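> Given next are the chains, with one letter for each unit.
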Amino acid sequence: MKVTAKEVKHIANLSRLTVPDSEMEKFTEQFNQILNYADILQELDTNGIVPTPYVLPISNVLREDIAVEGVSHEDALLNAPDVHNGGFKVPRVIE
Amino acid sequence: MDLYKSSAHELHEKLVKKEISSVELTNSVYNRIDQVEKDVKAYLTLDRENALGQAAKVDKMLANGEKIAPLAGIPGAIKDNISTKGLRTTCSSKMLEHFTPIYDAHVIQKLRADEAIFLGKTNMDEFAMGSTTETSYFQTTHNPWNLERVPGGSSGGSAAAVVAGEAIWALGSDTGGSIRQPASFTGCVGIKPTYGRVSRYGCVAFASSLDQIGPITRDVTDAATVLNTICGVCTMDSTSLHEDVPDFTKALTTDVKGLRIGVPKEYYAAGLDPKVDGVLKKALADYEAMGAEIVDVSLPHTEYAVITYYIIAPAEASANLARFDGVRYGYRNMKATSAPEMTTASRTEGFGAEVKRRIMLGTYVLSSGYYDAYYLKAMQVRTLIRQDFAKAFEQCDVLLTPTSPVVAYPIDGKMDPLAIYLLDVCTIPVNLAGLPGISVPAGFVDGMPVGMQLIGKVLDEETVLRAAYAFEQSHDYHKVMAPLGGK
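Protein chains in written order, with my numbering: chain A, 2 to 96; chain B, 3 to 489.
There could be a bad hint or two in this list.
[Stated by the list, open to error] DSS-like mimics (lysine-lysine), calculated; alpha carbons at most 30 angstroms apart, straight line:
#1 B:Lys40 - B:Lys416
#2 B:Lys337 - A:Lys7
#3 B:Lys416 - A:Lys3
#4 B:Lys7 - B:Lys96
#5 A:Lys27 - B:Lys69
#6 B:Lys393 - B:Lys284
#7 A:Lys7 - B:Lys416
#8 B:Lys96 - A:Lys90
#9 B:Lys277 - B:Lys87
#10 B:Lys337 - B:Lys96
#11 B:Lys252 - B:Lys481
#12 B:Lys59 - B:Lys7
#13 B:Lys96 - B:Lys69
#14 B:Lys62 - B:Lys87
#15 A:Lys10 - B:Lys416
#16 B:Lys87 - B:Lys7
#17 B:Lys252 - A:Lys27
#18 B:Lys252 - B:Lys459
#19 B:Lys252 - B:Lys393
#20 B:Lys87 - A:Lys90
#21 A:Lys10 - B:Lys96
#22 B:Lys96 - B:Lys19
#23 A:Lys90 - B:Lys337
#24 B:Lys393 - B:Lys283
#25 A:Lys27 - B:Lys96
#26 B:Lys19 - B:Lys40
#27 B:Lys337 - A:Lys10
#28 B:Lys284 - A:Lys7
#29 B:Lys284 - B:Lys252
In case anyone wonders, no lab produced these hints; they're calculated from the structure. The structure presented is a predicted model; accordingly, all values stated were derived computationally and were not measured.
Could you build the full structure based on these sequences and the hints that come with them?
So this is what it looks like as structure tokens:
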């Protein structure tokens with residue numbers, strides 16, 4: 002087994018998710034199934050192979066430094082779950 | 003006459019000749035939706051009032067003798083991960099159930115400029131993660147050829163709408179096959195353009211190095227027509243290609259004499275349904291009879307493509323979907339008493355099982371200690387897969403493969419995630435290499451459509467379209483309407 006239920010819990014926490022205890026066993030099993038299958042990549046010698054993050058030969062794409070109109074205050078708040086005094090309202094962050 | 007059955011290019015002719023009006027056409031499609039949508043369930047949102055208003059506008063333009071664009075006044079459907087200003091865009095997720103975009107995607111801006119009509123937004127796998135449209139939070143779409151089978155995915159709603167007569171054309175998006183596989187399963191045409199041809203601005207990001215928007219249509223001519231409209235440079239997408247866009251409809255000739263069609267043996271391996279294989283062998287024989295040359299080629303790293311994709315795509319997805327934190331938009335758990343608890347609870351309740359699985363898989367392969375073994379390794383294998391294609395294209399102009407090793411299977415949710423992933427073997431390598439690929443109807447197996455995939459060189463959509471068009475024109479598959487049977 003590549004990962005235990007405890008490790009799955011840790012990964013879930015890093016992902017800001019929770020896996021309910023009732024689903025943990027099945028979830029861990031499916032997770033391991035995929036990771037075990039990934040072992041076939043180790044058959045390949047990739048020493049010195051340049052990785053491909055993107056297929057295009059582009060790096061930094063810059064535009065002219067001209068101010069353009071951004072998102073309006075009203076639009077920015079349009080889909081907000083909770084608003085207070087023209088800002089996004091969230092539960093307490095610090096005690 | 004049932005206008006909803008026609009192709010976009012036929013309807014354009016009729017509009018220009020004033021034989022029909024756009025309002026009449028749009029009403030015909032909505033009437034069809036009223037009749038069959040309860041069985042197909044292709045749409046999440048309909049926008050009847052605005053669509054008919056737009057149709058009336060085009061009719062006025064025609065009455066004034068103005069020249070109209072090929073898609074003007076022609077109603078289409080938009081996959082629900084493409085931003086439409088003021089029209090709900092959910093990605094088939096509870097997370098975005100009440101989300102209304104504040105801007106249009108680049109492709110929508112272009113289609114609006116051409117006065118195209120948007121009927122509504124189509125169902126999909128949640129955040130485009132899936133191959134069946136079953137991972138949608140809202141509903142399962144049914145295959146119009148057999149309502150008890152999946153339409154494929156993730157653009158299953160768009161494909162089903164097109165073949166059920168509920169849209170004349172549609173947009174989908176394709177990260178690992180999500181346009182081509184549903185096109186294959188439902189018997190229509192779907193093309194994934196070269197990576198960078200179409201702007202991703204306003205397409206809700208799944209895996210940014212793989213995502214591409216593309217057309218789903220009844221025939222190849224319509225695919226070329228929609229592609230003409232949506233391609234082009236966009237300053238809001240840093241991966242948008244600064245390349246000239248040809249008139250793709252000019253590539254549509256039936257002359258394939260001397261065209262070298264490569265047949266990669268790895269795509270005809272174990273797992274391919276022998277009956278699907280039979281349909282493809284017949285297609286190859288047809289091409290040969292039309293004067294094309296069939297060349298055996300090899301893409302030796304094909305067997306590594308699926309897992310390479312299922313490392314890279316979740317890695318990118320885990321980063322892209324980190325934006326859903328319950329703060330600025332999307333679902334929020336209102337009971338949480340601290341901000342971190344609110345974020346975790348909102349994400350846990352807002353995302354479905356498949357999305358969570360991929361976010362976690364991506365988080366794992368990017369995490370300290372596993373990055374080199376999984377993510378870096380996968381990016382290196384991606385290079386090997388690209389090199390395979392480059393070598394194959396030294397011997398041929400286009401590759402012919404199955405789009406999927408199987409035809410559409412029953413809606414029962416019984417398959418393991420890994421078993422479903424492995425069925426993406428024919429489409430995934432094309433995204434990893436950033437190449438253009440099309441799925442075109444090639445025949446039937448037990449009453450279900452079979453698609454064949456044609457893969458081209460980078461930026462060579464024209465050869466892909468020409469090969470597809472030549473085949474289509476020598477057969478009648480694109481003229482058969484789906485029977486809405488099986489129940």
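> None of the hints should be skipped; say for each whether it holds.
Hints, one by one, checked against the model:
no. : hint                : result
1   : B:Lys40 - B:Lys416  : holds (24 angstroms)
2   : B:Lys337 - A:Lys7   : holds (27 angstroms)
3   : B:Lys416 - A:Lys3   : holds (24 angstroms)
4   : B:Lys7 - B:Lys96    : violated (33 angstroms)
5   : A:Lys27 - B:Lys69   : violated (60 angstroms)
6   : B:Lys393 - B:Lys284 : holds (26 angstroms)
7   : A:Lys7 - B:Lys416   : holds (27 angstroms)
8   : B:Lys96 - A:Lys90   : holds (21 angstroms)
9   : B:Lys277 - B:Lys87  : violated (45 angstroms)
10  : B:Lys337 - B:Lys96  : holds (17 angstroms)
11  : B:Lys252 - B:Lys481 : holds (22 angstroms)
12  : B:Lys59 - B:Lys7    : holds (23 angstroms)
13  : B:Lys96 - B:Lys69   : violated (43 angstroms)
14  : B:Lys62 - B:Lys87   : holds (24 angstroms)
15  : A:Lys10 - B:Lys416  : holds (25 angstroms)
16  : B:Lys87 - B:Lys7    : holds (29 angstroms)
17  : B:Lys252 - A:Lys27  : violated (53 angstroms)
18  : B:Lys252 - B:Lys459 : holds (18 angstroms)
19  : B:Lys252 - B:Lys393 : holds (28 angstroms)
20  : B:Lys87 - A:Lys90   : holds (24 angstroms)
21  : A:Lys10 - B:Lys96   : holds (23 angstroms)
22  : B:Lys96 - B:Lys19   : violated (45 angstroms)
23  : A:Lys90 - B:Lys337  : holds (13 angstroms)
24  : B:Lys393 - B:Lys283 : holds (23 angstroms)
25  : A:Lys27 - B:Lys96   : holds (23 angstroms)
26  : B:Lys19 - B:Lys40   : violated (34 angstroms)
27  : B:Lys337 - A:Lys10  : holds (22 angstroms)
28  : B:Lys284 - A:Lys7   : violated (53 angstroms)
29  : B:Lys284 - B:Lys252 : holds (27 angstroms)
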